[in-house]
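**Q** Sequence:
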Amino acid sequence: MYSVSKAEQMNPSEKEFLKSYDPNLYPRPSVAVDVVVLTADGDRFKVLLTRRKEHPFLGQHALPGGFVGIDESLEEAAKRVLATKAGLGEVFVEQLFTFGAPQRDPRMRVVSVAYYALVPPTKLHGINGDTVVASLDIPFKGEVAMPVDAFDDVGELELAFDHADILGMAIARIRGKLSYTNIGFELLPQQFTLFQLRMLYQTILGHELNKDSFR
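Take 76 as the starting number for the sequence shown in my numbering and just add one per residue.
Derived by calculation from the structure, the hints in this document are not laboratory data. A few of these clues could be false.
[Unchecked claim] Straight-line distance between alpha carbons at most 30 Å, and here's what the computed DSSO-like set of lysine-lysine pairs gives: (1) K128 x K90; (2) K198 x K216; (3) K160 x K128; (4) K216 x K286; (5) K160 x K198; (6) K252 x K198; (7) K198 x K128; (8) K286 x K252; (9) K286 x K198; (10) K286 x K160.
[Stated by the list, open to error] Estimated spans, in silico, between C-beta atoms of each pair: (11) F215 x L284: 12 to 22 Å; (12) E129 x L284: 13 to 23 Å; (13) G230 x D116: 13 to 23 Å.
For every residue, glycine included, the Cβ atom is placed at its ideal position computed from N, Cα and C.
Start from the sequences, fold in the hints, and give me the full structure.
**A** What follows is the structure, given as structure tokens:
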């Protein structure tokens, strides 16, 4: 079937308008993506973090992220970040929320579209030295998100930007979806026991479940 492009459908006045339009007439924020890579290991929720090598927040830890390329879709940018900064491909990834507080980045106005990816713990074995798999301290019950702290074997890690808030939003989203989707299966190996599934649900929800009624 023959299709006509949008450009070909434009009338002459619209083409002239676009030709003379100055995109610098208005301030433009930059757009970034940040990806929350989560796994469940035993009774702990864990997240993949990178250590920042430059300002701002030099030396602090952050979610894998980056600016969206001019010819990239948001999802393409998120998958690129997963591949280049986390070494991950072919994993579950879904858009989470847009974070746009005016002062969230001290460099300039940056709007971040957050995504979350869920992987079994074996996917994060053998990661490179620029990343760390940190345990999460989740201070809230249910689905009302609050900032979440991250820890390594030494102690609490300082999180850059608003990434503690992004982590909290991701945890709340997954808890909400657990009751009506099979999203938790993304955190399990291909073959798993009912016991493993119950332990996973307890880790995600933050409380124990009745063994007999969990079916």
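**Q** Now, for every hint given, state plainly whether the structure supports it.
**A** Structure-based check of all given hints:
| no. | hint | in the structure |
| --- | --- | --- |
| 1 | K128 x K90 | violated, 45 Å |
| 2 | K198 x K216 | holds, 27 Å |
| 3 | K160 x K128 | holds, 13 Å |
| 4 | K216 x K286 | holds, 20 Å |
| 5 | K160 x K198 | holds, 14 Å |
| 6 | K252 x K198 | holds, 22 Å |
| 7 | K198 x K128 | holds, 24 Å |
| 8 | K286 x K252 | holds, 21 Å |
| 9 | K286 x K198 | holds, 28 Å |
| 10 | K286 x K160 | violated, 39 Å |
| 11 | F215 x L284: 12 to 22 Å | holds, 18 Å |
| 12 | E129 x L284: 13 to 23 Å | violated, 44 Å |
| 13 | G230 x D116: 13 to 23 Å | holds, 18 Å |
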